[in-house]
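> So you can see what is in the structure, the chains are spelled out below.
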Amino acid sequence: MIRVVLPHHLRTLARVEGEVQLEVQGVVTQRSVLDALEARFPMLCGTMRDHVTLKRRPFIRFFACAEDLSLESPDNPLPDAVAKGVEPLLVIGAIAGG
Amino acid sequence: MSSVRVLVGTHKGAFILTSDGKREKWEVSGPHFAGWEMYHLKGSPVDPDRIYASQTSGWFGQIIQRSSDGGKTWETPGGEVVPTPGAPPPGASNKFVYDTTVETGKPLTTHMWYDGTQHPWEFKRVWHLEPSLTDPDTVYAGVEDAALFRSTDGGGSWHELAGLRGHGTGPKWQPGAGGMCLHTIILDPSDPGRIYIAISSAGAFRTDDGGTNWKPINRGLKSTYIPDPTAEIGHCVHHIAKNPSRPNLLFMQKHWDVMRTDDGGDSWQEVSGNLPTDFGFAIDVHAHEPETIYVVPIKSDSEHFPLEGKLRVYRSRTGGNEWEALTKGLPQRDCYVNVLRDAMAVDQLDSCGVYFGTTGGQVYVSPDAGDNWTPIVHDLPAVLSVEVQTLS
Chain B
3 MIRVVLPHHL RTLARVEGEV QLEVQGVVTQ RSVLDALEAR FPMLCGTMRD
53 HVTLKRRPFI RFFACAEDLS LESPDNPLPD AVAKGVEPLL VIGAIAGG
Chain F
61 MSSVRVLVGT HKGAFILTSD GKREKWEVSG PHFAGWEMYH LKGSPVDPDR
111 IYASQTSGWF GQIIQRSSDG GKTWETPGGE VVPTPGAPPP GASNKFVYDT
161 TVETGKPLTT HMWYDGTQHP WEFKRVWHLE PSLTDPDTVY AGVEDAALFR
211 STDGGGSWHE LAGLRGHGTG PKWQPGAGGM CLHTIILDPS DPGRIYIAIS
261 SAGAFRTDDG GTNWKPINRG LKSTYIPDPT AEIGHCVHHI AKNPSRPNLL
311 FMQKHWDVMR TDDGGDSWQE VSGNLPTDFG FAIDVHAHEP ETIYVVPIKS
361 DSEHFPLEGK LRVYRSRTGG NEWEALTKGL PQRDCYVNVL RDAMAVDQLD
411 SCGVYFGTTG GQVYVSPDAG DNWTPIVHDL PAVLSVEVQT LS
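Residue numbers (the numbering used here), protein chains in the order written: chain B, 3 to 100; chain F, 61 to 452.
Since the hints were made in silico from the structure, they are not lab data.
Check the hints yourself; a few may be wrong.
Said to hold, decoys possible - Pairs of lysine-lysine, DSS-like flavour, derived with a Cα cap of 25 Å: (1) B:Lys-57 / F:Lys-370; (2) F:Lys-388 / F:Lys-370; (3) B:Lys-57 / F:Lys-184; (4) F:Lys-132 / F:Lys-72; (5) F:Lys-275 / F:Lys-232; (6) F:Lys-282 / F:Lys-359.
Looking at chain B on its own, in the form it has when it is part of the complex (with noise of 0.2 Å):
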């Protein structure tokens, strides 16, 4: 299972507490773990990234094993712990505007 970490305001669109986790087929990467989100919490869709160009949204940050990967391609492997489970996948809302 993958684990995902949701921001205060995103896990109270989605009405969940806490870790979220999700089975994803597959490579593990941003893209198909964004995917598997927004499929099963389809009122996160557009919040973390374009709903046609599917770009982060810029002041939305993937941080992962004390890694910020939101620069990285969507499509590149996230670590094998994130894989594994045994870190989650953090996104983050950045520390920007007040």
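Put chain F on the given structure of chain B with help from the hints.
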């Protein structure tokens, strides 16, 4: 006995204020969607328990919320998993995609940017939601960058009425200081095909065929801050209001000037009259007196607060030109709040109630058409919008 429900959108959540017809004692519910910018909430005139809300965030983008029980509970339309083939795509309630299809005949992709170059249309947020007068599942959305969208499935999916951007003047539209937003939508109860909209800073537009064909309705507007003060488009219209009983009579608060039209926008006349300043954002019309209008004069286009620190609503009972200051119950010293364009509304009770919210977080009510005011709440986040539902 009648009651009222006031829907308040603020910079950090939504609040619902309810009272009986006396409008003296209030219950406050909220914050709903705490921490989000709630640009606008509005109830269906057909089914008052159906309320639509525009929820936005610089981080997470646009969300559409819908209530079917008068704001007690909310849902994101289409937020549920829908595996049925042919069903609307799940999670599309916040999918506002500009129509650039060949089928429209007018694939329009750019407008004028601040530097005079052409710039692609980019969706940012929904400023205004206008539920249909006849169908609770049909609702219109005015968005930034300026366009008009319609949903016929209760906000589950949206389709642009592309004839507005495509009618010809779109490439000349330019953002105002607050962005290029379509902020006003007025559905004409006497003519189902007629819709008025306003855009900052393109101007006012009208369709007479339900949204397929549009034309600018800015004749008579004068804006000295643009190269051609009487241009067909380019005017910074802040808000338009009308009383439903008088089909062709509308009032406008422009960047500067208060205007009226008696012919559905084909021509406008200035009615600023004796206002201390004709700059402002909000304007509304008495529920039972089509020639009684309300504005809140603001000092200037840079200071955005009342003159002399005195919060005054101005009322004209003559359709403009002759205005009186309404001050009873409003702060008359050290008040430096703003009243934004969608932050004034009227109820339908026999003694017409007038409401407005401020950027200081106050929502005021006058249960007697403006003669006396009292704050319903003092300390909300900055108020972005106020709408009122009159319930029986």
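> Hint compliance check: list the failing hint numbers for this structure, sorted ascending.
1
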